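**Q** Single-letter residue listing:
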Amino acid sequence: MAEKNKKKSSYISGKESRKITRFNRRVTKKLEKERADAGKDPALYTVQMKDPNNVVEFDNVCTYFFTDVGTVKAVDGVNFNIPKHSTVGVVGESGCGKSVTSLSLMQLLARPSGQTVGGQIRFNMGDGTAINIVNTPNAVMETIRGNKISMIFQEPMTSLNPVFRIGEQVDEVIKLHNPEMSDEDIKARTLEMLELVGIANKEGVYNMYPHELSGGMRQRICIAIALACSPTLIIADEPTTALDVTIQAQILDLLQNLKDKLNSSIMLITHDLGVVAGMADYVVVMYAGRVVEKGTAEEIFHHPMHPYTIGLMKSKPVVGKKVDKLYNIPGSVPNPVEMPDYCYFRDRCEMRCDKCSGLYPPEIRVSETHIVSCYRYQDEGETLGYPKSVNVEEL
Amino acid sequence: MAEMNDNILEVRNLVKWFPIKSSFFKRTIGNVKAVDGVSFNIKRRQTMGLVGESGCGKSTCGRTILRLQDKTAGDVIFDGQDVFSLSREELRKIRPRMQLVFQDPYSSLSPRLPVGEIIGEAVREHNIVDPSEYDAYISRVMEVCGLPSYYKERYPHEFSGGQRQRICIARSLALAPDFIVCDEPVSALDVSIQAQIINLLKQLQQDFGLTYLFISHDLSVVEHISDTVGVMYLGSMVEYAETEKIFKNPLNPYTKALFSAIPIPDPDVKLNRIILKGSIPSPANPPKGCKFHTRCEQCMEICKYAQPGWKEVEEGHFCACHLYNDSEENAKAAEIMEEAKKAGAVTVDQEVL
Amino acid sequence: MASYNLNDVLKEREKQQRQLTAQEQEQEMALDDVSRVKVLSPGRQVFKRFIRNRLAVFGSVLLITMFIFSFIGPLFYPYGQKQIFYTYNKQNVNYALAKANTTYNGYVLDENIQAERTVVNSMNSNIKKMLEQGQKEMLIAGESAGYRIREAGPGIYVLSAGSMKQVCTTGEGKVLIGNYSSVGKTFTFNGEPVPALEEAAAEKLKGKDGTFTLDGVTYSYARAAAKSYDVYAELSGVNYSGASLGSDFEKALTEAVGNTTSFSFGEKDYIIRKDGALYQVSELTDDQDVRVYTNYTLDTIEQSGRVSDAFKAAALMAAYDSGSFSSDGAEYTIVPGEGVLDIFNAAGENYAEFSSFSVRRYSGEDTMEYSLKKAVSDKIEEMREQNQKTSTMVYDLPQQNEDGSYSRDEDGNLIFNETEMKISQRDTGEYVINCDQINYVIDMYASPSSKHILGTDGDGFDVLARIMYGGRISLMVGFVVVFLEILLGVIMGGLAGYYGGWVDNLVMRLVDIFYCLPSLPIMIILGAMMDAMRMDTYIRLMIMMAALGIMGWAGVARLVRGQILSLREQEFMVAAEATGIKVQARIFRHLIPNVMPQLIVTATMGIGSVILTESTLSFLGLGVKHPLATWGTIINSVSSASAMAHYAFIWIPVGLLICVTVIAFNFVGDGLRDAYDPKAKR
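Residue numbers (numbering that gives the first Met the number 0), protein chains in the order written: chain Z, 0 to 394; chain E, 0 to 352; chain H, 0 to 681.
Worth flagging that the hints you see were computed from the coordinates, not collected in a lab.
Since we're looking at a predicted model, the values are computed, not measured.
Treat the hints with care, as some may be off.
For the chain E half of the interface with chain Z, some residues (derived, Cβ under 10 Å), not all of them [unchecked claim]: (1) 61; (2) 191; (3) 195; (4) 197; (5) 223; (6) 247; (7) 264.
Don't be surprised by glycine CBs; every beta carbon is placed ideally from N, CA and C.
Here chain Z stands alone, though its shape is the one from the complex:
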């Protein structure tokens, strides 16, 4: 009997479905209108950085997707900063919201169903001013994308256009953001970038088509394109996941070297703790749309505090460390739809206590840079505040 009910309830009924559709239509329409209005006046999206040494400050960012199955709170009250000239690794499993965070920053969400409904993403323009990307109009965003923030994607196979030569594709980006440059200068700059990303045969590669290159080479080209305009921030979204181990080593090595050469910050999104450990200065661990722990790489890797971070590290077999049975976190990352207001990790947590059934844990500062959301450390540090979710019903 119980089985029957479970089966029945796994599908949304027609009535619920219609209700969701109506709600989504109403909310997205309203949000789109608000966005359009906010873009009219620069004063509305010009803000002040809290710390001028940060490139980006995520301040309680809430990005929701209004889907057919309900409101997916993909990013729900995310707070973290990307300081200048540093690498911030965002770690989490699939569905934890790390990619949506980066898309929110680029304003590349699939609108109208995906909307940043609350919080601020402050981007330092470098001239003392800052803009709130959440309600920056598209025209302004176009001057920022590729120029001040650029992105390296996971799939080097699909992120290059197969019908244009490599040179043309790099040229195009440079020309777009530097219209005053002459063609010769642009080509010189392109060749310079190709050399920078470690392509020895730069003249030859300049005239090649993407299909003539291997995956690792293509990813280098993508990096060259991303770096072409000397951006202040590079978002690397799983840059090595699709690559082989030996190629991954090459690319990581390249990024490591480049980071020192360039004045950029890197937001490195990955699920691979190994990659983050080698690359990042700061690490942000996300789970089900929320940041559960953040700190410097040393803090996170040597003193992981959140049970999820600990579990994640234990469940990855490490070469040279023989264990009989891998630690495994039971269950899976929940889909952030209609989440209850208690710690999202409680169900999978081995260290849960009675407090965990209460409110979602607040951010607790255990050291200058180390912040964790778990009740277990409430006594050890300063409680900063609870994450603020946006009540969609009130929109």
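Starting from the structure of chain Z, add chains E and H where the hints point.
**A** For chains E and H alone, kept in the frame of chain Z given last:
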């Protein structure tokens, strides 16, 4: 006590070439040498890890062993039977005993069949259990794989990757197999789910005495699960040994580079990485001599002309590399090199970065 | 089989687990997605995506409307597709012709005696001659008999026939009396031997010609052939065949010869016939009445009263005689009046009348009722008196059908319409009665009205009804043809895609061949063949559907093959093979269900194009044949340029309907494709 029949699988010099056809006349103009002479044995109740980069032929090797593709040459002996000499019907009979778990849990489940049917279809086909026990049996299999039995009537699209992979494993397990080829079963999964699946596979091996051929590019996983490890590069096996031996003391330069490339989740371990140049050459036109010579840091002149032999360098530790040649072999290789040079053979230059 | 029995192992485990139950029972994961997050069922997901596409929804609404219209509409619509409609149509016609009868019609009195044709034919002129000369009686000689015409009363003449006995000849001339053959020395006249002249002839006939005299009669002869002579008697005066009738007779004869053709002498009548230079005089004896001639026409008072010629003959004979007669066992009396002869039946009712003034339908049929005849003749009488050439009168005319029969209402009563009749006299003296007659005719090309919302076509069919029924056939053709296409396409494409190799090659070459077959010429040839075989319309329809299906499967096969080729490489197919599932199960349980969405899309799109093809073929007269309605045949019924121009109300609605249906199918097909393929989302 190592008897011959202790090996559940013996692969001898297996070759699988995919012909490249010219577009118009359909003439074979070349071959993609996906698997080019691979030999190994797997003992009962053991796990062999097969590692290598993408395109090295490890998946093809796995599928050819199961005769999901025809071989080009070589033999595959499964439990004393030559897999490629079986008739169609005999093959169908033996299928349940050798199973396959795929990398992509999304495309490996038929989207229009409910889970119970996906798992049970072949069970009915092969009369694994008495029809009266069929339902209970499927429930039991699902339970073992960590799937509540009420999932039976649901469709694959309702499940996450980890659960789908459990369904895949349940589908294979339901046929009571002896041998499962796991073709990158965890590489599409999240870390926490990877651990679950690996533990499940290990548990099943313990409980039912399964034998695995574990294909993966993730060395840490392979190290964890395997008893022996084979390393493949461009269709050939370059090193084979027990897991402990190979990880402690990798012999082949490729293996060394591969192992050093593994990212370690510890910011203090600033490793001494061997960064390989370039990428894996096309298996349609592999380099002459040692296939790895184009990227090898310890490349010698003979490597460019003579293919290294497969030999036991230490006890139970096989390797194909000229570095471990004895003088006799060196002389032989030098001879080949001289001959090739005389014939005017040009070495295939590596793809320059 | 496996080296272990998994089921037993599992059962064993289960037993152990049950013992451990308490501690092992895992706490249910409250945040487990599978039990917590509800998802859209696949069907609802497709439905949602579908209804998000406005055009697709619009198309579906159109299609549903179309189906209701075509399949349910006819149940509520009062007319059928082959129901012919009639209408009352006013036509100006020459309704009747009225004239004074001048021709005399004969009625047979005695069937046993046949009057000679020449005599009968010349009766009218003979009677006219009698009238001109004021004769009461006339004798006529026929070939074999003599005839007498006598006036039995005003306008009534009786022809009687009797035998003619030659009395004498008169005048001068020669008469062939025989032929003499000198071989047999025989004298014959018309084959009869004449012995009296034999001897004389043998003696006298010599040379080429000559004369001789015998007993005061001069004979002449001439050689007609070798040894054969024609012998003539030279006559003059009166030569009696029998005994002489005296000088008085001869005197009367002389008087009559040359002036008249008959004379009476004594109590006997004689007929004079001219025969060359001679007059032959015969006596008419024993003449009996054969026919009675009259210029009266009979009109019965009752419309239904049809009388036989025998009745008329008897009446005419009685008119100026006894005044009473019987016909078919009934007694009648006839009373002569002025220009009319009234006939009363035994009850004394006026039964019929003969009148010399006839009023008949313009076609000559006697279908008019007496009162109308009477009214018309009265009117004409009035016109005559006032010397008018034209006049009008009003009369209740019965309504007629196309074929001339009278139309009746539900109770079987005749329908009358008050009609103004125009009577005008022609130069020939006849009066023509002209009127706007209301006829009940096939309602062709009727304009849209409340009765026929879209009017009627050239066959009097209601256009709206035909569009409804036509929709049934057109939609059915669409579905059946597409079903056939899909069936063939799936089988062929499935085989090609799954087996590959030479099967694939063979099927795909077959597909190529079907692609390059020119379908229109083939359909034309097929249509012509079916025309020649005079096939039943429904069988034709089926053959056409089969032909269209066979012509159209190639595209489906190509699609299915492509789909299966890509699906075959999918890992779940490899998995199915690895688990040792049989080939047909792999095709039908794993492959085909996954091709279904594409098939549904193709089928939906295909129905539209099949409907178009069917309409085209039917329009060209190659497909479904009249009178079976399809949208094509409806347009075909106004295929000529002038009809197209004048009867736009017939083809514009159907044309629009075809357009709308095809577009709707395409919209729905597009919507389904987008709904099934989430990747195609915007």
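**Q** What hints, given by number in increasing order, does this structure fail?
**A** Hint 1 alone not satisfied by this model.
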